[in-house]
Amino acid sequence: MMRVLRWSIPLGIFVVLVAFLWVGLSRDPREVPSPLIGKPAPAFRLSKLHAPNETLGAADLKGTVWLLNVWASWCVSCRVEHPLLVQLAQQNIVPVYGLDYKDQPAAGRAWLTQHGDPYAVSIVDLDGRVGIDYGVYGVPETFVIDKTGIVRYKQIGPITPEALRDKILPLVRELQR
Amino acid sequence: MIVRAALAVLLLAGPAAATKMDPPPQSTNAPVMSALDVRLKRLESELRCLVCQNQTLADSHAELADDLRREVRELAVAGKSDDEIKAYLVARYGDFVLYRPPVKPVTWMLWFGPFALLAGGGAVGWVVLRRRERAAGSAATDAGGESEKKARKLLDDDEDGGAG
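Protein chains in written order, with this note's numbering: chain E, 1 to 177; chain L, 1001 to 1164.
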């Protein structure tokens, strides 16, 4: 009994330590888990980028599964994910709404003209308040919102082809059923 | 807590040290911090900037930190309590915005883990010492008796353990 304890206790501690470090060190500290997952998407009403006299609110999109992509013309990593969004828009799987975050509308429009416009509608968050409501702390960020307006997933940083294929699209398909 | 204490020391030591070194001027045009400013400063030093994660909201120059400071100020002016302001930020950014994580089941390990480890280590140490003491004591009183056999067995055990 004592003999078993003598080597099993250190081994047990070692295994626990390795498990903790394994998980802890493989996580990206920049990815802060969003408390919004499973909660209703914060309400907003913002004017449209291409039609400043019209507004769009989260409530208008009840009944559809949609993506909210936070972007800006000054955002460098947005250029990385943008071709993927353009491609996604062409496939007509899920509508992507753009939140032009803390951007000059003219600059935002010019950027979309240059890089392609994948958004069903883009709305303008001039002072970043809606961004704060959504817990945005780094652009780009993308939210998957279901038919009842619940946030189901948040992608922090650019959407990668892997994230789109393995997480976002399967989730969208499931939510659309 | 440490941050708050350090800040308090700095806040107190700064003006005090200055007044000790040179006599107070007749007319002070130096900007005086209002009660609100002091409160905001204290609150912001307990909140994390999410862009530069090792800085507080008070220290950070990131644009988001500016926005969040504006938000915190507006909430404070609107009469919200510190806890309400913190709850507002936690609802959006999670517990991570707090430099002092709240005590709840998920963070029990964080808060009590070190004490549990200390208690565990202490208990093991105490048992080992007690056993060693008792073995030494009984070996001294009746050499050649039952306890010597026990001690010998323990020693054998030790050697086995060392080899295995």
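Hints listed in this document are in silico derivations from the structure and should not be mistaken for laboratory results. The reader is advised that the hints may include incorrect statements.
[Unchecked claim] From the structure, some residues in chain E lie toward chain L, with a derived Cβ separation under 7 Å:
id	residue
1	Pro-35
2	Leu-126
3	Gly-128
4	Gly-135
5	Tyr-137
[Said to hold, decoys possible] Subject to a maximum C-alpha distance of 27 Å in a straight line, what follows is the list of computed DSSO-like cross-link-like pairs (lysine-lysine):
id	chain 1	residue 1	chain 2	residue 2
6	E	Lys-39	E	Lys-154
7	L	Lys-1080	L	Lys-1104
8	E	Lys-147	E	Lys-48
9	E	Lys-154	L	Lys-1041
10	L	Lys-1080	L	Lys-1041
11	L	Lys-1104	E	Lys-39
12	E	Lys-147	E	Lys-39
13	E	Lys-48	E	Lys-62
14	L	Lys-1041	E	Lys-39
All C-beta atoms, glycine included, are put in the ideal place defined by N, C-alpha and C.
*Would you pick out the hints that fail for this structure and give their numbers low to high?*
2, 9, 14
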